[in-house]
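Line order of the protein sequences matches chains A and B. Take the first sequence: its position 302, counting from 1, is numbered 302 in my numbering, and each next residue is one higher. Take the second sequence: its position 257, counting from 1, is numbered 257 in my numbering, and each next residue is one higher.
Simulated from the structure, these hints should not be mistaken for lab results. Misleading hints may appear alongside valid ones.
Not close to chain B: a few residues of chain A, all C-beta gaps over 12 Å, as computed [as the list claims (entries may be wrong)]:
(1) Q4
(2) V48
(3) E50
(4) Y51
(5) A152
(6) W182
(7) S214
(8) G263
(9) P293
(10) L297
(11) L315
Stretch-level coverage of chain B by chain A, calculated; a stretch enters the list once three of its residues show a Cβ under 8 Å from a Cβ in chain A [what the hints assert, rightly or not]:
(12) 92–105
(13) 110–117
By construction, the Cβ of each residue, glycine as well, lies at the ideal position given by its N, Cα and C atoms.
These are the residues of each chain, in order.
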Amino acid sequence: MTAQRFFPFALIMLFALSLANLLFGAVSLSLHDIWQGLFVGSEQHFTVYEYRLPRLFLAILVGAGLALSGALVQGVIRNPLASPDVLGVSHGAGLAAVFYMTYFNGASTEWLPEVALSGGLCAALILWYLCGAHSSAIKLAITGVALAAFWASCIDFLMLTKPLEINNALLWLTGSLWGRSWPQLQALLPWFVLVPFALGLSKYLNVLDLGDDSANSLGVSPQSVRLLSLAIAVALTAACVSVCGPIGFLGLVAPHLTRKLVGGRHQSLLPATMLTGACLLLAADLAARTLAPPIELPAGILTAIIGAPYFLWLLLRMK
Amino acid sequence: MLLSVIKRLTTTLCTLMFMSSAYAVTVQDSKGTFTLDHTPQRIVVLEFSFADALASVGVAPIGIADDKDKSRVLPAVQQVIGDWQSVGTRSQPSLEVIASLKPDLIIADISRHESVYDDLQKIAPTLILPSRRETYSDNLKAASIIAKVVGKEQEMTDRLVQHQQFMAHIAQQLPDHAILQFGVARADALFLHTDDSYTGGVIQALGMQTPVSDRDDSAYRQTSLEQLVALNPEYLIVGHYANPSIVDNWSNEPLWTVLTAVQNDHVYRVDPNIWSRCRGILAAEHIANDLLQIFSEQ
């Protein structure tokens, strides 16, 4: 599929999935109900305007944000198996969140996003401190994976020593859009000013693909491109994870799938991967809400169900 | 002009005060002051303990977060309240189903539902109280608050007196100061419910004790077989969430036979859902009856 055919198709998918997210749920609504629900005082106002609409926007933003981060990291590390997880950002955010939930269990959950956000950013700073600005992509990836494993083991340690808090912590660590609404959307939206900058990096990321030496001779500093792309990826990931928890595999599957469809040219890959990510998370959340109503599954479980086999298939194919 | 503003303000205040004294009920919940100006008719509860409190005064909720498994609601509660609609899991109840029920009161758990408190408030007035990890006395306090909000304060006072008499009556028929340990067994772990847990509180209210340990003070303690042997309770009561559970596996080990409770054949099985998940006046009375049956069979 070429990029020209991908974009109309993805936009139609996005629209169809958005509509389905508004129509279906534990309670099915008609188009008329949805229109009415947008106005204060109507019968379905809460379900449509306070519940499904903000959640729909959040799914689009978080899906797009995580997928874009994934594409940036894959572009920088030049490995299709890389993802924002490789930088340890989501695990760092997870550790901060679990620590907060276990040791401050009387504290209000209101501060959880801020705590998770600072945890994710701190994890990225530690990685940066360990690697320095001039390290190679492979050093960055290996150090990042090691750090991520370390954060993950700290999370396990906390949950083993405080088994009581496990339920809340596990729920958060799976990643879910349940209970997220306009305030979370407001908190997330400012971070998306980074998106144009990321798109602006496309040309340089293409050059980076040719190798550091070629990039240097073409007048592009690989270090600065790497640093900028990773900084944007880290910020977007930390912001998305702080709101919804680490939604697994999205940052890995979405860019990889898109690369297969539209090719590796970053000018089309980056916007396309955002669309794919948004569609994937919309589909996951729709399934999470409608598979067994009124039970709401965490969306992260659904993305993992799609993501894990895809990852395995990828590994097998790479041999 | 200033005078007229003050005058108008005073009248408004007076009207407000009059209104509140005429219709409203005010209680303290986990978020501060909660006021309701009507007697609720359509109540949705997001924990089992709240359903128990309502059933104790003969009020039926229309929706319960029952994890989509009606059998999790205590049979005694079911008898009182009849049928209800499930609003999903207790950890992530479906807000759209709650909204579709058009409740006029929601009772939520501060431990699980604080993050959606604002959303719940948009659906209906929300009373938020502790439920998960509450103690026996916390539970009775919460029940009193709930009764006051639904306009059954007097009924609850009477019911609590009756409850205390019932518990005292059962306690007389049970051995004094017997050392009894309750725990729930999953496939891979045993969690003991200590003095600070809900069930520990019920056991104390029945004049018995849980074994003393100075290891830590948490209400629910994950325990290995060696640690259980060190505690060595006279009576061991286990609710099995899994089949076979870790305790079933332990029973094949030599160390298991060292336990006094095993040697005297004082190990019993109970329903973990009722003993650990339900919590409430009716649940406590069910536990008391279970214990009476266990001890009378000896």
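Hint-by-hint comparison with the structure:
no., hint, result
1, Q4, "39 Å, holds"
2, V48, "9 Å, violated"
3, E50, "6 Å, violated"
4, Y51, "6 Å, violated"
5, A152, "20 Å, holds"
6, W182, "10 Å, violated"
7, S214, "50 Å, holds"
8, G263, "40 Å, holds"
9, P293, "7 Å, violated"
10, L297, "8 Å, violated"
11, L315, "29 Å, holds"
12, 92–105, "holds (count 8)"
13, 110–117, "holds (count 5)"
This entry does not satisfy hints 2, 3, 4, 6, 9, 10, going by the numbered hints stated previously.
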